[in-house]
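Input sequences plus hints: build the corresponding full structure.
Going down the list, the sequences are from chains Z and H.
Per the working numbering, the very first residue in the first sequence carries number 1; after that it's consecutive.
Per the working numbering, the very first residue in the second sequence carries number 98; after that it's consecutive.
It should be emphasised that the hints constitute simulated quantities derived from the structure, not laboratory data.
Some hints here could point you the wrong way.
One-sided excerpt, in silico: chain H residues whose CB lies under 7 Å from chain Z [claimed, not checked]:
id : residue
1  : LEU106
2  : ALA110
3  : LEU114
4  : MET130
5  : VAL148
6  : VAL162
7  : GLY164
8  : GLY166
9  : PHE167
10 : LEU168
11 : THR171
12 : PRO173
13 : ALA182
14 : GLY183
15 : VAL185
Where a beta carbon is used, it is the ideal one built from N, C-alpha and C, also for glycine.
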Amino acid sequence: MSAESVHQIAVALAALLVLAALVCAGIRIVRGPGGPDRVVALDMLSLLGVAATGLAVVVSGSAAFLDIALGVALVGFLTTVAFAAFIERGSINEEER
Amino acid sequence: MLWLSSVCLVAGAAICLVAAAGVLRLPDFFMRMHAATEAGVAGCGLILIGVAFAYPSLEIWVKVVLGVGFLLVTTPIAGHLLARAGYVGGVPLWTGTSGDELAGALQRGSFDQPSARSARRPGSPEAAPGRFQVVLALSSGPLGDELVAQAIALAKAHGGEVRAMAIVDTKMLANVGPVPLGGNHYAARLRTTRIEEARRRLAVSVERFEAAVTQAGVPYGIRLDEGDPAVLLRSHLPHHGLLLIDARHWFDHGAGEGVADPPNHLVARGVYPLAAIAARADPVERAVLLHDGTAHSNRTLSWLLATDPWPDTRLAIRAVEGADEAAVADSVRRAFAAEGREPPQVESRQAPLAAAVVIHGNHRHRSWIGTSRRTQSDTRPSPVVIFG
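This is the structure in structure tokens:
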């Protein structure tokens, strides 16, 4: 088997694994039970977004997706930091304080 | 190069899946966070490196190195921030946690599980002092009548009504354990007989409850539910009032395996404050609040002062072992002053704990029941124990 066909199978397999991981993180977001648990799942989701965008580079052959991966990683980090500040205050809803 | 790329991509994706499975399956916030950050960064990094191997050019390598470097720097920071925020915010630890190294090093708040939070907020100004409501989880154990009597006494003292919840834990009863090959038919039959048996016993308790409240002349309501008791009770916690449960009997009504310690089981799953009834307590002359000096104990105290389940009862405060007595006395004084009441003295630990009602204001979920057992070993068990 040539390296190209093995690579194609590997990319497909990796995409399936990332898809399964996305589903797991999504279930955790739906289930909760608390806000902090959902924030962790969201953090995981953004990391998986980076992985999926990385795979998109290989599938499409366009290097522009790498810049998108960097952008997703940056936004994910900022989101997590912002949510962490909310958790530290004990509530995400401002009026509940 | 393509071979290396294939290996990196699949390995990275597999690590991502393991991390996501951890986020889904691990039991508490901190463990999930550990899975998300630790394995997430390795998985993403490997996938990005795999991409660089597939298109080896300087431009791509620079971007990939930048990306991986960024992930390596930010993910630990994000993870650390989340963990710290969760701990300071008071996200509950897993009930099986064996030690809390940060206890005393960081001030811990009390973060309720949102599902419980929206239903009930003890001590907060939004919990408007409305009509006192007694919610009673019907039990068909030998204590069932005591439970009803206590609920009626509370409702009479406040001129309120009694809401009864008749729950069958179909989740437990339907779980008949591993079924051998060809045993499906018998397993299904066992399930239906168990659930029907529980329903029959519950129907008897509902009749007895109706007879008792009608005789006492107290307005009442009954709600029948089947499913997970913790979820059902959590969504029906009274805003202003008290949830009464049987301290020994679970909602399988004797038809299933039961739960060794129902109050502990429910509290660990976010159903609190609740009062566990273990014996007849009539009249209630003395109530003792065990204060551990934390914010959660303060919240329980102000909830108790605002609700005041037994209006004519003397409330005593006692600091638990290891709590700072001066701090406890200070916060007790402030809580009573906020209600415009005269604060009682903080009792010494040596005095016998002869009280009809014991209220635990401890926020460490794991030690609630342990503390109650330790304090009760020297005296007869208290009939009513409230976990707040």
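We went through each hint and held it up to the structure:
Interface hint status for LEU106 (chain H): upheld, as the beta-carbon distance to the closest one in chain Z is roughly 4 Å, under 7 Å. Because the beta carbon of ALA110 (chain H) sits about 4 Å from the nearest beta carbon in chain Z, less than 7 Å, this interface hint is met. Against a cut-off of 7 Å between C-beta atoms, the interface hint on LEU114 (chain H) holds, since the closest Cβ of chain Z lies about 4 Å away. At about 5 Å, the closest approach between the beta carbon of MET130 (chain H) and any beta carbon in chain Z falls short of 7 Å, and the interface hint on this residue holds.
Interface restraint check for VAL148 (chain H): the shortest CB-CB distance to chain Z comes to about 5 Å, inside 7 Å, so the restraint holds. For VAL162 (chain H), the shortest C-beta to C-beta distance to chain Z is roughly 11 Å, which exceeds 7 Å, and the interface hint is violated. Hint status for GLY164 (chain H) relative to chain Z: holds, with the closest Cβ pair at about 5 Å, below 7 Å. Annotation: interface hint on GLY166 (chain H) violated; nearest CB of chain Z at approximately 11 Å, more than 7 Å.
Evaluation of the PHE167 (chain H) hint against chain Z yields a held restraint, the C-beta minimum of about 6 Å falling below 7 Å. At its closest, the beta carbon of LEU168 (chain H) sits 6 Å from a beta carbon of chain Z; the interface hint therefore holds under the 7 Å criterion. Interface restraint check: THR171 (chain H) against chain Z, minimum CB-CB distance 4 Å, threshold 7 Å, status holds. Here the hint on PRO173 (chain H) is broken, as its CB sits about 11 Å from the closest CB of chain Z, past 7 Å.
Interface restraint check: ALA182 (chain H) against chain Z, minimum CB-CB distance 4 Å, threshold 7 Å, status holds. Evaluation of the GLY183 (chain H) hint against chain Z yields a held restraint, the C-beta minimum of about 5 Å falling below 7 Å. Here the hint on VAL185 (chain H) is kept, as its CB sits about 5 Å from the closest CB of chain Z, short of 7 Å.
Of the numbered hints given earlier, the model fails hints 6, 8 and 12; all others are met.
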